[in-house]
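Number of protein chains: 2
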Amino acid sequence: MIYVDAFGGDYAPDAMVKGAVLAVQEFNREITLVGHEEKIKEVFDKNNLSMDKISIIHAPEEITCHDESALAIRRKKQSSLVVAANLIKEDRNSVLVTAGSTGAVLSAGVLVTGRIKGVKRPALGAVLPARKKPILLMDCGANADCTSEYIKQFASMSSIYMKYVMGVENPKVALANIGSEEEKGNKLYKEAHQVLKETEDINFAGNMEGTEIMNSDNDVIVCDGFTGNIILKTIEGMGNLMKDILKDVFYTNTKTKLSYVLTKNVLNKEMAKLSSKRYGGAPLLGVNGGIIKAHGNSDETAFKNAIGQAIKFEENEVLEKIKNIYAK
Amino acid sequence: MIYVDAFGGDYAPDAMVKGAVLAVQEFNREITLVGHEEKIKEVFDKNNLSMDKISIIHAPEEITCHDESALAIRRKKQSSLVVAANLIKEDRNSVLVTAGSTGAVLSAGVLVTGRIKGVKRPALGAVLPARKKPILLMDCGANADCTSEYIKQFASMSSIYMKYVMGVENPKVALANIGSEEEKGNKLYKEAHQVLKETEDINFAGNMEGTEIMNSDNDVIVCDGFTGNIILKTIEGMGNLMKDILKDVFYTNTKTKLSYVLTKNVLNKEMAKLSSKRYGGAPLLGVNGGIIKAHGNSDETAFKNAIGQAIKFEENEVLEKIKNIYAK
Chain L
1 MIYVDAFGGD YAPDAMVKGA VLAVQEFNRE ITLVGHEEKI KEVFDKNNLS MDKISIIHAP
61 EEITCHDESA LAIRRKKQSS LVVAANLIKE DRNSVLVTAG STGAVLSAGV LVTGRIKGVK
121 RPALGAVLPA RKKPILLMDC GANADCTSEY IKQFASMSSI YMKYVMGVEN PKVALANIGS
181 EEEKGNKLYK EAHQVLKETE DINFAGNMEG TEIMNSDNDV IVCDGFTGNI ILKTIEGMGN
241 LMKDILKDVF YTNTKTKLSY VLTKNVLNKE MAKLSSKRYG GAPLLGVNGG IIKAHGNSDE
301 TAFKNAIGQA IKFEENEVLE KIKNIYAK
Chain Z
1 MIYVDAFGGD YAPDAMVKGA VLAVQEFNRE ITLVGHEEKI KEVFDKNNLS MDKISIIHAP
61 EEITCHDESA LAIRRKKQSS LVVAANLIKE DRNSVLVTAG STGAVLSAGV LVTGRIKGVK
121 RPALGAVLPA RKKPILLMDC GANADCTSEY IKQFASMSSI YMKYVMGVEN PKVALANIGS
181 EEEKGNKLYK EAHQVLKETE DINFAGNMEG TEIMNSDNDV IVCDGFTGNI ILKTIEGMGN
241 LMKDILKDVF YTNTKTKLSY VLTKNVLNKE MAKLSSKRYG GAPLLGVNGG IIKAHGNSDE
301 TAFKNAIGQA IKFEENEVLE KIKNIYAK
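So the protein lines, in turn, are chains L and Z. Take our numbering: the final residue in the first sequence is number 328, and no numbers are missing along the way. Take our numbering: the final residue in the second sequence is number 328, and no numbers are missing along the way.
If you're looking for bench data, these hints aren't it; they were derived computationally from the structure. Small disclaimer: the values here were computed from a predicted structure and weren't measured. Take the hints with a grain of salt, since some may be wrong.
Chain copies aren't distinguished; within one or between two, either way the pair holds.
[Said to hold, decoys possible] Straight-line Cα separation of at most 27 Å, DSS-like style, residue types lysine-lysine; simulated pairs:
#, residue 1, residue 2
1, K132, K255
2, K18, K312
3, K163, K132
4, K132, K152
5, K243, K257
6, K132, K257
7, K184, K76
8, K152, K184
9, K187, K120
10, K328, K120
Take these sequences, add in the hints, and give me the full structure.
Okay, here's the thing in structure tokens:
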């Protein structure tokens, strides 16, 4: 079953409900929405949406951005996120899609669903909308302090995700670093390079510098969660800066305004490709259940895409495949 | 004296010679070019440039990108960089401007000029062309492994540089981090936050996330050299990506080509503001001599600007001021 946490994102519950309806149309699969039943039904009624193949499990509480994550997961047992996390715990083949805050989703994964035996630290990915193809950045904030062993596990788990969910044959894994030569980096990254080189279940492509990230041929970038978060947010900040600059440029005078009219269709299409919404969500890997985290500002299309990823995660038994690595 | 290493950058020696001539015109100061005399004179002759206020010190060797940095500094005693570094060692009030490779400049600073007594690790800055004002990122690659004590010293030295060279009264220093709250970050950054909070000679503004960097009110961002290099190159990569996207957008069809004609003046002006050439160079701080490192791709304007920074460095006795912190 695919469970959708109907609360938690910026546009809850509208985006989740509409996204689920779009997903039923596109993927023809049953979906269960988890959250305050009346509020969810209101969205169906108001928008005259079909409940075909959609069921609701009532969860009256909400975790808000004011809640301390771990505390909220422990105390708000009736919140949509905790109820949904318990559902995937009961049925390990099911997958949860949520736009809850990073901290809350991480806590739910670790405290409710639990870790996979043998996994040192679960890690949260982000799918970067790079120029040539989507790139999974892992970890992007779950583990601020890492060892090379953690990074190795991120690489193995991410490779399985990219293969079976994103459909990439033999995904190329790069190590974020400050130079392409293997002796570059700080102590952790020099060591991680050697460990990755000797990891048999990944296709290691060496180091990758910051300049290459958004224009790379690689499929996965691994790094510690501190570095990953810095990369992710720096990219986001530069994207916002470019949008601001373009707005200012086109608003300058009559000529530039006309210029915008002539180019806006093409420009908006290209800029949309850089949107984090394009690929829906990114996985929390290493927990004993399928969890796809959608961006907080996900709209219905982003949610539909995230549900599509969850379906592939379930159908291809990604959780089992990851467990198998560490069962050996 | 201002010494200019006439070799080392992508456009050597043309950019350095022309930059020096522009600097004499703008700042009316004597400048010494260091490098292969004949080759330098050729540039003057070919372009019919005045040698007014400009002298040359002959240094026949060149350090190329194929040289291993520390080895080249030790062996190529007659290279423009080593000769120039020895000149500022003999006269500590003089300042060197160079577009040599990061590794070579760092090695020259540490091996030839030497460290300031009390400074744990010299650090190399980069001036980020952020939206509201230039921001000094320190360290951007000299020290891949840092302690909180090093980061504290980067903050103090950078504050003096921003005040006396960039003219910023009471510069605001932020710590790069993955969240604004002081308990955020990995072990090093949690500790660095506490150390910076208690550092009296800086104006500490707290943590800054990646999203804020290019749109920040701060004047200095401090971090370890691994993180700084990741930030710097990620910004550079995103800038290149945006240029590529805009090129593709404007080349799409007749309408978009016309759109470009209408907007190119304004657009190019705005994009030029994001160029690393705008602020000329960034300092290597903590070594016992003034060294301004210009970007490898610096043109004559960038070089003129870097020379301008070197002049302020010398006039305001920045080296002395930094030494005074650690003489206490």
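- Item | Those earlier numbered hints the structure runs against, lowest number first | Result: no hint breaks.
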